[in-house]
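Modelling step: build the complete structure from the supplied sequences, incorporating the hints.
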Amino acid sequence: MKIKNIFTYCFISSLFLFSLICIWKILVTLQGIELTNFNFNKLFIFGIILCAINLLIGKKLNLNIKLILLALLFSIFDYFISTNLPIWYSFGIFLISLFFFNNIKDYDKNFLSKNHSSQKLFFNFLTLFGITLFSFVILFPFYMMLVTSFKTQALLLLNPLDFSINFAQGLPALFKSYFIVFKDYNFGRYMLTSTIVSLGTVIITLIFAIPAAYAVARLNFFGKNFLSTSILIIYLFPAIVLVIPLYTIFSQLGLRNSIEGLLIVYTATTLPVAIYMLQGYFKSIPKELEEAGIIDGQNWLGIIFKIILPLSLPAISSVALYVFMIAWNEFLFSLMFLDRPNTFTLSRAIQFLNVGAETPRQYLMAGSVVVTLPILIIFVYFEKYLVSGLTAGSVKG
Amino acid sequence: MSSKLAKIEKRTAYLLILPSVLLVFSIILFPIFSNIWISFKNVELKDLRIPEPRAKKLVKSIKDNPTQIKIIYKLRNSSLTQEITNVKFKDKYPDNIEPISLNNKCQFKSNLLKCELGNWPKKYRENLEIVFQNTNNQEISKKELKSYKPKLSGKSQNILLTYEFTLNNFKKVIKDKAFIDLLSTTFYYTFFGTIGAIVFGILAAQMVNQKFFGRTFMRSVLLFPYVAPVVALAYTWELLLDPTSGTLNNLLINYQIIDGPINLLGQKYVTLNILGFDFKLRLALTTVIIFEIWRYFPLAFLFILARLQAVPKELYEAADVDGANPIQKFLNITLPQILAVISILFMIRFIWNFNKFEDIFLLTGGASGTRTLPINVYQQGFSIGDIGMGSAVSIVIVVFLLIFMFIYFKLLGKRADEN
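Chain order of the listed sequences is Z and C. Each residue of the first sequence is one higher than the last, beginning at 1 in this note's numbering. Each residue of the second sequence is one higher than the last, beginning at 1 in this note's numbering.
Keep in mind the hints are simulated off the structure, nothing from the lab. Since the model is a prediction, treat every value here as computed from it, not as a measurement. One or more of the hints may lead you astray.
[What the hints assert, rightly or not] Take a look, some chain C residues computed to stay more than 12 Å from chain Z by CB distance: (1) I62; (2) R76; (3) K105; (4) K109; (5) Q210; (6) D278.
[As the list claims (entries may be wrong)] Taking lysine to aspartate or glutamate and the EDC-like style, the derived pairs with C-alpha atoms no more than 20 Å apart in a straight line are: (7) K10(C) / E291(Z); (8) K56(C) / E116(C); (9) K4(C) / E290(Z); (10) K46(C) / D339(Z); (11) K92(C) / E9(C); (12) K10(C) / E290(Z); (13) K114(Z) / E317(C); (14) K306(Z) / E9(C); (15) K114(Z) / D322(C); (16) K120(Z) / E116(C).
Beta carbons are placed, not taken as given, at the ideal position from N, Cα and C, and that holds for glycine.
As structure tokens, then:
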């Protein structure tokens, strides 16, 4: 057993424990509880002591008893150095330290005497630390979005750190912002527009893309190679260089402020990626199946509908979901083309809400939840398809 | 026989791709070319409205004579800047009504009043008064007269279709003192945003590539910032970072980490003292880059994770036998395996970040030193209203883009050769 290894073990373990406690404390602070000190010095040193004790006890005690004992020790220590905190806070500390001691149970004397054990330990903790930190950093804005939408302006100004949700006030009061957003700010209408535009884009894109992708994947014609490279190049052209000419053309044709105009632009911009993704999949379907179709006397249309489509349903669903996501989240074109509130999409409506006169932030966040939730639900539910869509089409963004 | 089949095949292929090609051509390629056209013209936002001849019809009864009626047409040119030529006027009247007298511009034939009103200069206004009488000496109903609306037509020059060109837009773009600053901001944002996203992507992929409880859930969560709508995320961040009521500043003050609030999105520079040297950090730009990294590292993560999962396990097992430590394993096995993915990823993200508009627009609107080229396109074209200038700036973007694409396809070709 090397001294260096023991030292790194205690040091890194305690640091990890401390960072877990920090995240817990931040979350507790956001419940409106007054907590102004992380107590770095005390907690860190006590953490080191406990890690050393853990090492000393080794396997002399039953594992579960040891875990509970150490966790209890830590929570009691924390309870004494901080004052006036509710019991559920200490219970959280207890659970976190239980989790932590469970994680370091493998680092015994044996492990620490091996080669590279301090590096291995470091990376194991880095992974754990990374997972915690990444989840926290990613989920925190979403969490704030949700809880802000349940508060009222007065409460938010009174204590900007109090995001506790008061369930006692009843559901209508809790969801007040949502009622207002739908009733006074017309979000029902915007949601309908967004749904129509997104679904419309998906359907039209597929109608255009499936035949074209089939032709590129299977048929021989002059200019095929040129076409397939152009698809990729066109795909890399960003919306910002199209905005001014499209704006001028659309204003002169009277296509601004119309859902049709938006549908045309969305379809055209998602078409290259849809063709690109689909033709890759069509190429992987065995040619023999189509040849059998030709012998049966099918024409091209029959082959596409009866052989290709049923076989490539997974690819088509991932293209459809990906296109839906792009259309639902799209902002630049809806900003440029829509300036009458009766044609707004959800994204545009939220931007309008923010730019307009001092809109209370809980309404803004309620609107944000309304636009975010459907896409997250779809993502979690159809994750398999969307992830493959994202990977295939991820040149875009 | 086979040549006939080939012919049919060719025809079918063209038929199948034609709708897509037409749509993409008219909505993507045509605009890119018209960008070049517009950038050489002096066009402003207000010029985009096509001038229209307009008429307002007023019906006035004449005192003591119900069988006669006076019609006044208030005519005007809707445009403040352009002339309308060859204006023609048409209005319909009920039966048994005819004008008492007409000027030489107008004609009345079978219930139709037709006038040739000639050329109208900009801001032109004129009143046309005509008295009508009932041929049967009956009372004229005002209501019926009002129900017909006059129709006008005229020719005007569309400023977009003239052959007058100017180099002024490009001169203005290049001579602008802020142009160098604009370019450097764009490259700073693009470069650090891309590098950051890739570094965090590698870290996240390394993490998720190990087995732990809740791994699939973790993979979904990591993709949340990428799939959620940018509008919602940008405004949430704005509220989080707000100097007075934002959560982040209040948390930091609460834990006595900072003394006073920091305006992370509204302050251009912050002076950092590192080892006795003062560094000027572009604060708002850095915040915007952090948002950018937060939102796009999931993509790098997804790509790299897919590659990592394809790395043969035997390589790591062999390294274990050789007694390699984790850093050696990462540097000598993992990194070479994912290097190709990283280079492709770098180019793609570089191209997309270079054109990123929404994120900066929603967070800062281009203020406090975050004005990049795409933001400038919007500001020139729509805030200032100079469409020609906006187009010229987007041409600058296209030129850079073509250079990047050239490099990207070179890289892609090289990679295809290697495989």
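Against the structure, the hints come out as follows:
no.	hint	verdict
1	I62	holds (40 Å)
2	R76	holds (21 Å)
3	K105	holds (30 Å)
4	K109	holds (33 Å)
5	Q210	violated (6 Å)
6	D278	holds (28 Å)
7	K10(C) / E291(Z)	holds (17 Å)
8	K56(C) / E116(C)	holds (17 Å)
9	K4(C) / E290(Z)	holds (19 Å)
10	K46(C) / D339(Z)	holds (16 Å)
11	K92(C) / E9(C)	violated (57 Å)
12	K10(C) / E290(Z)	holds (17 Å)
13	K114(Z) / E317(C)	holds (17 Å)
14	K306(Z) / E9(C)	holds (18 Å)
15	K114(Z) / D322(C)	holds (15 Å)
16	K120(Z) / E116(C)	violated (92 Å)
Hints 5, 11 and 16, counting from the list given before, are not met by this structure.
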